[in-house]
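Based on these hints, arrange chain B on the given structure of chain A.
Sequences listed follow chains A and B, in order.
Read in order, the letters of the first sequence correspond to residues 4 to 266 in the working numbering.
Read in order, the letters of the second sequence correspond to residues 4 to 812 in the working numbering.
Hints may contain errors.
[As the list claims (entries may be wrong)] Cβ-to-Cβ under 10 Å is the rule here; a few derived chain A residues that face chain B: (1) Cys17; (2) Met33; (3) Gly35; (4) Trp41; (5) Gly42; (6) Phe60; (7) Trp72; (8) Thr159.
Honestly, the hints are just simulated from the structure, not real lab data.
Beta carbons: idealized from backbone N, C-alpha and C, even for Gly.
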Amino acid sequence: MKTEYIKLIDTTKCTACRGCQIACKQWNEMPGLRTKQWGSYQNPPDLQWNTWTLIRFQEYADNKGGFKWLFRKDGCMHCTDAACVKVCPSGALHHTEFGTVGLNSSLCIGCKECISACPFDIPRYNRETDRVYKCDLCYDRLRNDESPACVKSCPTGALTFGRKDDMIRKAHARVKELGGDANVYGDKFVSGTHVLYVLEENPKIYEKLPRNPSVPFTVTVWKDILKPLSLLAAGGVVGGSFLHYILHGPKLPDEPGQEKGGE
Amino acid sequence: MTNHYCDIKNSDCILIMGSNAAEHHPIAFKWILRAKEKGARVIHVDPRYTRTSARCDYHVPLRSGTDIAFLGGMIHYIMENERWFKDYVINYTNASFLVSPDFKFEDGLFSGYNAEKRKYSKETWALQKDANGIPKRDMSLSDPHCVFQLLKTHYSRYTLDKVSSITGVSKENLLKVYEEYSATGVPDKAGTECYALGWTHHTVGVQNIRTMSIIQLLLGNMGICGGGINALRGEPNVQGSTDHCILYGNLPGYLKMPTASLDTLDKYLEKCTPVSKDPQSANYYQNYPNFFVSFLMSMFHDKATKENGFGYSWIPKLDDGIHYSLMHLFDKMYQGKIKGLFAVGNDPAVSSPNAAKVRKALEKLDWLVGENIFDNETYQFWRGPGVDPKKIKTEVFLLPASASMEKEGSQSNSGRWVQWKYKAAEAPGDAIPVGEITIKIMEAVKNLYKVEGGACPEPILNLKWDYTDIKGRYDALKISKQINGYFLQDTVVEDKAKGTKTEFKKGQLVPTFGLLKADGSTSGGNWIMAGSFSATGENKMQKRGKDDPTGLGLFPNWSYAWPVNRRIIYNRASCDIYGKPYNPKRKLLEWVGDKWVGDVPDGPWPPQADKEKGKYPFIMKQDGLGALFGPGMADGPLPEHYEPLEGPLAKNPMSSQLNNPAIEIFKSEMDKVANASEKFPYVCTTYSCTEHWCSGALTRWQAWLLEAMPELYVEIGDLLARDLGIRNGARVKVSSVRGAVECVAMVTKRFKPFQVEGKTVHQVGLPFNYGWLFPKDGGDSTNFLTPTVGDANTFCPEYKAFMVNVQKI
Numbered sequence: 004m005k006t007e008y009i010k011l012i013d014t015t016k017c018t019a020c021r022g023c024q025i026a027c028k029q030w031n032e033m034p035g036l037r038t039k040q041w042g043s044y045q046n047p048p049d050l051q052w053n054t055w056t057l058i059r060f061q062e063y064a065d066n067k068g069g070f071k072w073l074f075r076k077d078g079c080m081h082c083t084d085a086a087c088v089k090v091c092p093s094g095a096l097h098h099t100e101f102g103t104v105g106l107n108s109s110l111c112i113g114c115k116e117c118i119s120a121c122p123f124d125i126p127r128y129n130r131e132t133d134r135v136y137k138c139d140l141c142y143d144r145l146r147n148d149e150s151p152a153c154v155k156s157c158p159t160g161a162l163t164f165g166r167k168d169d170m171i172r173k174a175h176a177r178v179k180e181l182g183g184d185a186n187v188y189g190d191k192f193v194s195g196t197h198v199l200y201v202l203e204e205n206p207k208i209y210e211k212l213p214r215n216p217s218v219p220f221t222v223t224v225w226k227d228i229l230k231p232l233s234l235l236a237a238g239g240v241v242g243g244s245f246l247h248y249i250l251h252g253p254k255l256p257d258e259p260g261q262e263k264g265g266e
Numbered sequence: 004m005t006n007h008y009c010d011i012k013n014s015d016c017i018l019i020m021g022s023n024a025a026e027h028h029p030i031a032f033k034w035i036l037r038a039k040e041k042g043a044r045v046i047h048v049d050p051r052y053t054r055t056s057a058r059c060d061y062h063v064p065l066r067s068g069t070d071i072a073f074l075g076g077m078i079h080y081i082m083e084n085e086r087w088f089k090d091y092v093i094n095y096t097n098a099s100f101l102v103s104p105d106f107k108f109e110d111g112l113f114s115g116y117n118a119e120k121r122k123y124s125k126e127t128w129a130l131q132k133d134a135n136g137i138p139k140r141d142m143s144l145s146d147p148h149c150v151f152q153l154l155k156t157h158y159s160r161y162t163l164d165k166v167s168s169i170t171g172v173s174k175e176n177l178l179k180v181y182e183e184y185s186a187t188g189v190p191d192k193a194g195t196e197c198y199a200l201g202w203t204h205h206t207v208g209v210q211n212i213r214t215m216s217i218i219q220l221l222l223g224n225m226g227i228c229g230g231g232i233n234a235l236r237g238e239p240n241v242q243g244s245t246d247h248c249i250l251y252g253n254l255p256g257y258l259k260m261p262t263a264s265l266d267t268l269d270k271y272l273e274k275c276t277p278v279s280k281d282p283q284s285a286n287y288y289q290n291y292p293n294f295f296v297s298f299l300m301s302m303f304h305d306k307a308t309k310e311n312g313f314g315y316s317w318i319p320k321l322d323d324g325i326h327y328s329l330m331h332l333f334d335k336m337y338q339g340k341i342k343g344l345f346a347v348g349n350d351p352a353v354s355s356p357n358a359a360k361v362r363k364a365l366e367k368l369d370w371l372v373g374e375n376i377f378d379n380e381t382y383q384f385w386r387g388p389g390v391d392p393k394k395i396k397t398e399v400f401l402l403p404a405s406a407s408m409e410k411e412g413s414q415s416n417s418g419r420w421v422q423w424k425y426k427a428a429e430a431p432g433d434a435i436p437v438g439e440i441t442i443k444i445m446e447a448v449k450n451l452y453k454v455e456g457g458a459c460p461e462p463i464l465n466l467k468w469d470y471t472d473i474k475g476r477y478d479a480l481k482i483s484k485q486i487n488g489y490f491l492q493d494t495v496v497e498d499k500a501k502g503t504k505t506e507f508k509k510g511q512l513v514p515t516f517g518l519l520k521a522d523g524s525t526s527g528g529n530w531i532m533a534g535s536f537s538a539t540g541e542n543k544m545q546k547r548g549k550d551d552p553t554g555l556g557l558f559p560n561w562s563y564a565w566p567v568n569r570r571i572i573y574n575r576a577s578c579d580i581y582g583k584p585y586n587p588k589r590k591l592l593e594w595v596g597d598k599w600v601g602d603v604p605d606g607p608w609p610p611q612a613d614k615e616k617g618k619y620p621f622i623m624k625q626d627g628l629g630a631l632f633g634p635g636m637a638d639g640p641l642p643e644h645y646e647p648l649e650g651p652l653a654k655n656p657m658s659s660q661l662n663n664p665a666i667e668i669f670k671s672e673m674d675k676v677a678n679a680s681e682k683f684p685y686v687c688t689t690y691s692c693t694e695h696w697c698s699g700a701l702t703r704w705q706a707w708l709l710e711a712m713p714e715l716y717v718e719i720g721d722l723l724a725r726d727l728g729i730r731n732g733a734r735v736k737v738s739s740v741r742g743a744v745e746c747v748a749m750v751t752k753r754f755k756p757f758q759v760e761g762k763t764v765h766q767v768g769l770p771f772n773y774g775w776l777f778p779k780d781g782g783d784s785t786n787f788l789t790p791t792v793g794d795a796n797t798f799c800p801e802y803k804a805f806m807v808n809v810q811k812i
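Next up, chain A with everything else stripped away, as it sits in the complex (with noise of 0.2 Å):
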């Protein structure tokens, strides 16, 4: 593995431009769509297949009569320990260089196991083309020493990238230059994140936002536990056959006329 980096979320200095979420769909070549006003600054309401960054916008009013409206750029986390990457059958989700995770759409079968598996619901599936689509931190980009394109775009340096210690450390530098509820967000679970937030407020406070993220308890079952224990077993079951082959002899096929059905 090369440099691990990470893409620095700082909330307190969000003016909520979306030039994010512009940026991320020119670079990434994905259209826009026809939307509807639905009473909200956020729109499209929900990350969909051609919006793999979106602003949330949330009014929040605390119960000392203060008011806040917080701004949340939700994407793909790129976790260390990531469900997505357990669970594709087909290899299409897997980790980069980078220790993002990476997408390789054309290996995308449309299975939609890693929209069940993930713990922030971020894989969109789109019915056309029958693949999933998320993030992928610009890899394109990272390959080329480039920063991704919503860093890019990010005019107030709420955004930023860098090499995963000294995003970690100038995360919780500012944490501690804000004082109060701030917090970081993404470095004490799934092994890490490759995506961290500097958030405002508590992270129970934020919608859609889960407060204790982790691959999900089925996911670690089936692929830690019970995929390794099937391998087994499949061995087991192969060298039962031999055993019988050896044993037993081959199965012959029956008579004909002994067959069941076909009235």
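Leaving out everything else, chain B in the frame of chain A:
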């Protein structure tokens, strides 16, 4: 801007009022955040909690159209609590000047008002002068006729209770802002103000800005790093277009458009050239004839001679007392008095107030020419909603224009930095720059005149427009050089003080406007741009040096800032009268030995303590000092609160004058007004959003932007929505006495009701970025709601405060 974008980082307290900076100046906002990172307080005062509020230290909601009351209260607070910067106020403002004893202010009216004409005559607003013609001063500031005392008396009426009741701002919030902002009235602190259309779009727009200018002068915040009054202009190139006279009353470089009664050059120059008898006032506009004659030379070159007044008679004249603003044009058009219209890069059917009247007016035209990169609602008015194309006589032409990235040229930012840019892509199809379209049309007109003759041929035939390259295409560099100006004769410039002589050959570029002459020996299309080239032709707008020797973000070698590359204007006011910086930590300028060191100073003269050679710092003012008292205004020398043309109150709490007495009232049958009406109980304001640009005529066609902000909405407070039974996302009708639009309700906690004069007043707001042409289901123009009325000085329309009703559909 008196300062510039990078300089905002130097501020200790930033008041964002009249602007939604984060949404409309998203790139510039980083400098505000940078100041905040360094510990500056950032305060947002605005009717609505916006994306700007979210990034400020706090947000203070105020009722639309009450900014003068809010700021008047701050002046009162500064006076009462002795927060003003004494050294600065006494030395650098007109606080000590004595005003005529006949000057009066009674019940909302200044002396000299003519109710029939809705106009002031300003004789009584004059300053008292001594036998030598120099303004009389009382340095103790105690004379009852001195500006300081007039100011104090005037704003003593703006008590906390009164202001709170008018603005709907709580007294706690008022005090918090007053206290924090006025803390910058000391030598080592700087406060700045950022405004935009939230201040100009009012019948008291200019006076909103004047009120803040008074505060900035009282606190010593003008001419210093991190201070100033900063109009945030943006992508529409408002700075560049105003510099180059987009306003009808201006010629390039803020020279004045002549009126018919000034029928000779001498009369015009006498009227426009200020005279000061005070030897310490630089009165820089005494050079007006140099700038104006050089402008005429750039237009007519060798056809302009001393004998023919340098072609003065060929310049069009405004009729005396007649105004030509956008609203006046459409009013005249509506009356059938205008036959043809060039609508270049604009979409007035969406963006102008009272859109129904505008669209009706367009039907009266014989012809309409559009120049744009996209089609829009104006060019398509003849088949708009409710219009029968068969009944429209207007012939419409649409000429495809290049977008800004498809052409080379200069672009000016708010900080007066004029930056050269290159063509990034070829324009599609037949599109060409609008400059080229203009030149081609003019060539055709010239030929018609040559062949067929016509009325008033001289201005057309004598016009020197040699702005094409060898292939006959528009050449931005050529026109920029003419804007800068040329020596038309060999010239020797002698500097007696330095004992030097510099020779310039005929055809060389004028390196600074100080060398422009009124004798026809120089040309200069726009005097403030003289110096954008060196004499040998170096284009300073192309400079990209990143060095910052002062560390204050002046970047003197990045592009060219007018005037003469000065980054902060009135910068000599950053030092005391001996030339020592008030704030040594942010040393913008200092008088060292026999010269100024730092930014390009406002003139080379010594500081004003030198009674012989020294000059006052506000060199563009006739009297050389910052104007607390401003007799140049049409609506009064001291700002006063008046209600918007359409508001929730039947009576102005400050006086018997409900509205600004000097505004013009338009009287067509489509100019209805419903003040304090039960039918239209809610205050309404209009604005833009980050995702779209102005009328949306450019951005609505962009699928990514349209996806992000797809259609018209009205932001409505959750309490009002509950009362009206309106759910978030429901379709509603918003109506004023002039018209109605249908849109989606965005129910929000970001609009709170105001307590105004003992009653609850709700405010709502809509963006003006949508029109019927595209997208088809995106809603039509918000300007069906807005009134045809504007500021008393500029006629900038009152888009920001009027009354509506909101109903469920």
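Quick rundown of the hints versus the structure:
Given hint, Cys17 (chain A) at the interface with chain B, holds; its Cβ is 8 Å from that chain's nearest Cβ, closer than 10 Å. At about 8 Å, the closest approach between the beta carbon of Met33 (chain A) and any beta carbon in chain B falls short of 10 Å, and the interface hint on this residue holds. The closest approach between the C-beta of Gly35 (chain A) and any C-beta of chain B is roughly 3 Å, which is under the 10 Å cut-off, so the hint is satisfied. Given hint, Trp41 (chain A) at the interface with chain B, holds; its Cβ is 5 Å from that chain's nearest Cβ, closer than 10 Å.
Proximity of Gly42 (chain A) to chain B holds as hinted, the smallest CB-CB distance being about 4 Å (cut-off 10 Å). Below 10 Å, beta-carbon pairs count as interface contacts, and Phe60 (chain A) has one with chain B at about 9 Å; its hint therefore holds. Hint on Trp72 (chain A) holds. Least Cβ distance to chain B is approximately 4 Å, under the 10 Å limit. Evaluation of the Thr159 (chain A) hint against chain B yields a held restraint, the C-beta minimum of about 5 Å falling below 10 Å.
Comparing the model with each numbered hint stated earlier shows that all of them hold.
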